[in-house]
Amino acid sequence: RKEVEQDPGPFNVPEGATVAFNCTYSNSASQSFFWYRQDCRKEPKLLMSVYSSGNEDGRFTAQLNRASQYISLLIRDSKLSDSATYLCVVNYNQAGTALIFGKGTTLSVSS
Amino acid sequence: DTEVTQTPKHLVMGMTNKKSLKCEQHMGHRAMYWYKQKAKKPPELMFVYSYEKLSINESVPSRFSPECPNSSLLNLHLHALQPEDSALYLCASSQNSGNTIYFGEGSWLTVV
Numbered sequence: 001r002k003e004v005e006q007d008p009g010p011f012n013v014p015e016g017a018t019v020a021f022n023c024t025y026s027n028s029a030s031q032s033f034f035w036y037r038q039d040c041r042k043e044p045k046l047l048m049s050v051y052s053s054g055n056e057d058g059r060f061t062a063q064l065n066r067a068s069q070y071i072s073l074l075i076r077d078s079k080l081s082d083s084a085t086y087l088c089v090v091n092y093n094q095a096g097t098a099l100i101f102g103k104g105t106t107l108s109v110s111s
Numbered sequence: 001d002t003e004v005t006q007t008p009k010h011l012v013m014g015m016t017n018k019k020s021l022k023c024e025q026h027m028g029h030r031a032m033y034w035y036k037q038k039a040k041k042p043p044e045l046m047f048v049y050s051y052e053k054l055s056i057n058e059s060v061p062s063r064f065s066p067e068c069p070n071s072s073l074l075n076l077h078l079h080a081l082q083p084e085d086s087a088l089y090l091c092a093s094s095q096n097s098g099n100t101i102y103f104g105e106g107s108w109l110t111v112v
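From first to last, the protein sequence lines are chains Y and P.
For the first sequence, our numbering puts the final residue at 111, and the numbers step up evenly by one.
For the second sequence, our numbering puts the final residue at 112, and the numbers step up evenly by one.
Same shape as in the complex, but just chain Y (with noise of 0.2 Å):
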């Protein structure tokens, strides 16, 4: 059984704020992890992979736990501009390989 579970939303933060966005899935087998953002009536986009040492890219960061089966984003000094959907996305190994997402993470960056 294939899932991605994410914290549920939304986050409404002020400007400056520091948010972490959780999630965890069940497929011990999955080994590539991903952090989408997905804007209103957008494509998802990729905000970052997520490796193994933990990984950073500006004010973005994202960690992996493998025991644990844990992901989680961490933004810091949140802008009006990261007001978005933050997708949790991981490998799923059946008879091909394909990335399953979670439900996603809604968070609202307010003035």
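Simulated from the structure, these hints should not be mistaken for laboratory data.
Remember, predicted model here, so these are calculated numbers, not experimental data.
Where hints are given, some of them may not hold.
Calculated pairs, PhoX-like style, for lysine-lysine (alpha carbon to alpha carbon, straight line, at most 25 Å) [to be verified]: (1) P/K38 to Y/K103; (2) Y/K42 to P/K40; (3) Y/K79 to Y/K103.
Residues from chain Y shown here face chain P by an in silico Cβ test under 8 Å; the list is partial [what the hints assert, rightly or not]: (4) D7; (5) F34; (6) L87; (7) F101.
Yeah, the Cβ is synthetic: ideal placement off N, Cα and C, and Gly gets one too.
With chain Y's structure known, arrange chain P on it following the hints.
The following block gives chain P in isolation, referenced to the frame of chain Y:
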């Protein structure tokens, strides 16, 4: 701008119509995907093609028929759809299956 191109951007079709959604990528990717997305829901995997062969069919009804004419093209043929099939249909590609995927802008489908 996305390098995955989908046409048409919008499609309205009746329940007895036959139509097709088209997708093209020129990034040399060998895996291509169809996802379906309803409002306020995540993208839901429908089909995966790997090296032009269908590798995953997520129990999609036969009224949706995928086709991969070559490594750059992916079609989704639609026939006898239901109003509940109205959604955003997203095509995506990746270098190989399981890698980072890149989405097209999607085709907004309305079945009347």
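Verification of the supplied hints:
no.: 1; hint: P/K38 to Y/K103; result: 11 Å, holds
no.: 2; hint: Y/K42 to P/K40; result: 12 Å, holds
no.: 3; hint: Y/K79 to Y/K103; result: 23 Å, holds
no.: 4; hint: D7; result: 14 Å, violated
no.: 5; hint: F34; result: 6 Å, holds
no.: 6; hint: L87; result: 6 Å, holds
no.: 7; hint: F101; result: 4 Å, holds
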